[in-house]
Amino acid sequence: MILFKLALRNLVGAGTRTWLNVTVTSITFVLIIFMSGLYQGMFESNKRLMIETEIGGGTYWHPAYDPKDPFTLEDSHGVLPTEIAEQVIAGTGMPVLITQGSIYPEGRLRPVLIKGIPPEQQVVTLPTGILSTYAGEAIPVLIGAGMAKTTKLRVGDTFTARWRDARGTYDADEAEVVSIMNVENFQVDQGQIWVPLERLQRMLEMPDEATYVVVSRETSLLANPGGWNTMSVDALTEDFRRIMLTGQASMSIMYLIFLALAAMGIFNSQVLSIFRRRKEIGTLMALGMHRGRVIGLFTTEGGLHSLLALILAALYGGPFLLWTATRGIPLPIDYAEIGMLLDQRMVSVYPAGLFVGTTLLVTFIVTIVSYLPARKIAKMKPTEAISGRTN
Amino acid sequence: MKLLKRSVYVMMPCLIWPLALAAQSEKVPTAKELIEAIDANLNARTSIVTSRMVVHGRRASRTITSRSWVEGTDKAFTEYLAPPREAGTKMLKLGDQLWTYSPQTDRIIQISGHMLRQSLMGSDLSYQDMMEDQSLEDVYDGIVEGSEQLNGRDSWVMTLTAKVEGLAYHTRKAWIDKEWLLPMREELFAKSGKLLKSSYAEEVMQVEGRWYPKVWVFKDELKRNSRGTEWIIDEIAFNQPIPEAQFAKAALRK
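Protein chains in written order, with the working numbering: chain A, 9 to 399; chain B, 5 to 258.
It should be emphasised that the hints constitute simulated quantities derived from the structure, not laboratory data. Keep in mind that the hints are not guaranteed to be accurate.
Covered by chain A, according to a simulated footprint, are these stretches of chain B (three or more residues, beta-carbon under 8 Å) [claimed, not checked]:
{"id": "1", "segment": "120 to 130"}
{"id": "2", "segment": "156 to 165"}
{"id": "3", "segment": "196 to 207"}
{"id": "4", "segment": "211 to 217"}
Computed cross-link-like contacts, EDC-like style, restricted to lysine to aspartate or glutamate with a CA-CA straight-line distance of at most 16 Å [unchecked claim]:
{"id": "5", "chain 1": "B", "residue 1": "K227", "chain 2": "A", "residue 2": "E182"}
{"id": "6", "chain 1": "B", "residue 1": "K195", "chain 2": "A", "residue 2": "D173"}
{"id": "7", "chain 1": "B", "residue 1": "K227", "chain 2": "A", "residue 2": "D181"}
{"id": "8", "chain 1": "B", "residue 1": "K167", "chain 2": "B", "residue 2": "D181"}
{"id": "9", "chain 1": "B", "residue 1": "K198", "chain 2": "A", "residue 2": "D181"}
{"id": "10", "chain 1": "B", "residue 1": "K198", "chain 2": "A", "residue 2": "E82"}
{"id": "11", "chain 1": "B", "residue 1": "K195", "chain 2": "A", "residue 2": "E182"}
{"id": "12", "chain 1": "B", "residue 1": "K198", "chain 2": "A", "residue 2": "D173"}
{"id": "13", "chain 1": "A", "residue 1": "K123", "chain 2": "A", "residue 2": "E91"}
{"id": "14", "chain 1": "B", "residue 1": "K195", "chain 2": "A", "residue 2": "E114"}
{"id": "15", "chain 1": "B", "residue 1": "K223", "chain 2": "B", "residue 2": "D181"}
{"id": "16", "chain 1": "B", "residue 1": "K218", "chain 2": "B", "residue 2": "D181"}
{"id": "17", "chain 1": "B", "residue 1": "K177", "chain 2": "B", "residue 2": "E191"}
{"id": "18", "chain 1": "B", "residue 1": "K227", "chain 2": "A", "residue 2": "E114"}
{"id": "19", "chain 1": "B", "residue 1": "K195", "chain 2": "A", "residue 2": "E184"}
Because the structure is a prediction, the values reported are computed rather than measured. Don't be surprised by glycine CBs; every beta carbon is placed ideally from N, CA and C.
Sequences and hints are given; from them, build the entire structure.
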């Protein structure tokens, strides 16, 4: 305890030098936590958006369906297996049928995915109910705000839609935009139009068929029912998780640079302290203090930088991190337009493990860089140290 | 004056009668006969064609020059010669498969699925349109609906309705010139009856004793203000020997 008090007194006594080191270390500490929390927040935001608007509690894919391979889409449709059909009848499953087609807004050709969805579904938060209120002759269409912006379509606009039926024969009809939804998930917005499922099944001559089925969050997924592939939420968000991990790995280079800057400052301070306090070291050893305790004193002095840095970080970083975790940072642009699944406010997520891990990492590095120069004390002779000489 | 009018009224049936009689006596060919006659004009064992495709965009037009080697209806190899951006691009069709080679990427890509519905070099033609090779007689029921004047020339009007499943176009309507036995205009319809595409021959030529379109215009009727795509034949030679290697995938990289 005496060692700790002595170390603390010496440290505070060093004045500006100490506070500069502490400030740099605290900035490093806050930055590491903030950046990691931001990445975690991006992942959580992406996952939440996907669950709410697209994947619910998981999906069943037609055996031929692979969304990453457009060549499979033509054959990716079939009648639902009994087990899945039961979930659909119970209202916990939402079948979606997809086909490729073209639309001609203002007479300009644009390839799209035409997606059929039951208007009455409650599985995802897409406002599909509006599709059932349409009383006109045209095909009622729901589009996202991004798609509306790209195609310059507005509610009430009509355009020609062209598709091929189950046998490959072209068909075309007029479609009308009945609603434009604001959805931050570009995967249900860009390059696609949503129409009532039954209407699409009639258009394609694919009665009772679907490409995939989304189940509600409260429903348990069945294991590959009827040969259809079960895709859990984790499996469906795996790609984004990997992207985040890659991003975090890149960010860790920046963390290392920050940590290196802080560590170099502390290392330099320690070297300077030991050089300037040779007489003190010699006196302490002459008075009977073991070399190990003298090394311990200097290491503790250095190590205390991390403690002071943590306190300082808590003072200014705490409110900042709390703000980012509750209110979130408003994003300057709509990231959906550039193909990123993000909320309009970026809310960070800070798991407890992040604080503990970062604290341990910073403390460990600071202690190590404090100890390394202090090892020199072990080689000092008390008589020479008192006279101000070092070997 | 009244007398003149009365004379005309009296004389009119006398003048029209022989014409109507002649029209009645004109033998209306069957759809099969018309299709065979068209095929005899348009198809050959082989053909080597140098052509230009003029794609009219909203702001400007582009001319793409190509040379094609065609054998029957199954095999076709096309090399694009100009403009520089497209020069060196090659396309090989074997049956229902299509590959393209791009010199920029030095890669051969198979065009299939939805990509077949994409526009060919920005034109009003899709890859799918290029792929159609079945004999119309085999897949459509044809009816000759009568005779019409098209651009001042007598033409047979024939409607074709799909008799097999899986054809891209459910219905086609063609105007076939009575003398040249060439489809001078064609309209392609969706199942709903909506007109999707049209094409017409703007100029014809006689090559090796057969009539052949010199300038052919294709138009996507769903595109508003589309000026269509012109296909102009500069040179064509029929029944010339083409080495088998011309239709090998390896020829794409040469």
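Hints and how they fare:
Taking a C-beta to C-beta cut-off of 8 Å, the segment 120 to 130 of chain B contributes 3 residues in contact with chain A, enough for the three needed, and the coverage statement holds. With a threshold of 8 Å between beta carbons, the proposed coverage of the segment 156 to 165 of chain B by chain A is violated, since 0 of its residues qualify and at least three are required. Under a criterion of three residues with beta carbons nearer than 8 Å to beta carbons of chain A, the stated coverage of the segment 196 to 207 of chain B is upheld, 3 such residues being counted. For a cut-off of 8 Å, the count of residues in the segment 211 to 217 of chain B with a CB near a CB of chain A stands at 0, and the three-residue condition is violated.
Of the supplied pair hints, the one linking K227 (chain B) and E182 (chain A) holds, its CA atoms being roughly 14 Å apart against a limit of 16 Å. Between the alpha carbons of K195 (chain B) and D173 (chain A) the distance comes to roughly 9 Å, so the proposed pair stays at or under 16 Å and holds. Annotation: proposed proximity of K227 (chain B) to D181 (chain A) holds, straight-line Cα distance about 14 Å (limit 16 Å). At most 16 Å may separate the alpha-carbon atoms for a hinted pair to count; K167 (chain B) and D181 (chain B) exceed this at roughly 25 Å.
Between K198 (chain B) and D181 (chain A), the direct Cα distance comes to roughly 7 Å. Compliance with the 16 Å bound is thereby established for this hinted pair. Taken as a hint, the K198 (chain B) and E82 (chain A) pair is broken in the structure, with Cα atoms around 23 Å apart against an allowance of 16 Å. For the suggested pair K195 (chain B) and E182 (chain A), the alpha carbons sit about 13 Å apart, so the restraint of at most 16 Å is met. Note on K198 (chain B) and D173 (chain A): the hinted pairing holds, with a Cα-Cα distance of about 15 Å set against a maximum of 16 Å.
With a CA separation close to 23 Å, the supplied pair K123 (chain A) and E91 (chain A) exceeds the 16 Å bound. Under the criterion of a C-alpha separation no larger than 16 Å, the hint pairing K195 (chain B) with E114 (chain A) is inconsistent with the structure, at around 22 Å. Between K223 (chain B) and D181 (chain B), the direct Cα distance comes to roughly 20 Å. Violation of the 16 Å bound is thereby established for this hinted pair. Taking the CA atoms of K218 (chain B) and D181 (chain B), the gap is near 15 Å; set against the 16 Å cutoff, the hint holds.
For the hint pairing K177 (chain B) with E191 (chain B), the CA-to-CA distance comes to about 5 Å; that is within 16 Å, so the pair holds. In summary, the hint linking K227 (chain B) to E114 (chain A) is supported, as the alpha carbons are separated by about 8 Å, within the 16 Å threshold. At roughly 20 Å between alpha-carbon atoms, K195 (chain B) and E184 (chain A) are farther apart than 16 Å, so this suggested pair is violated.
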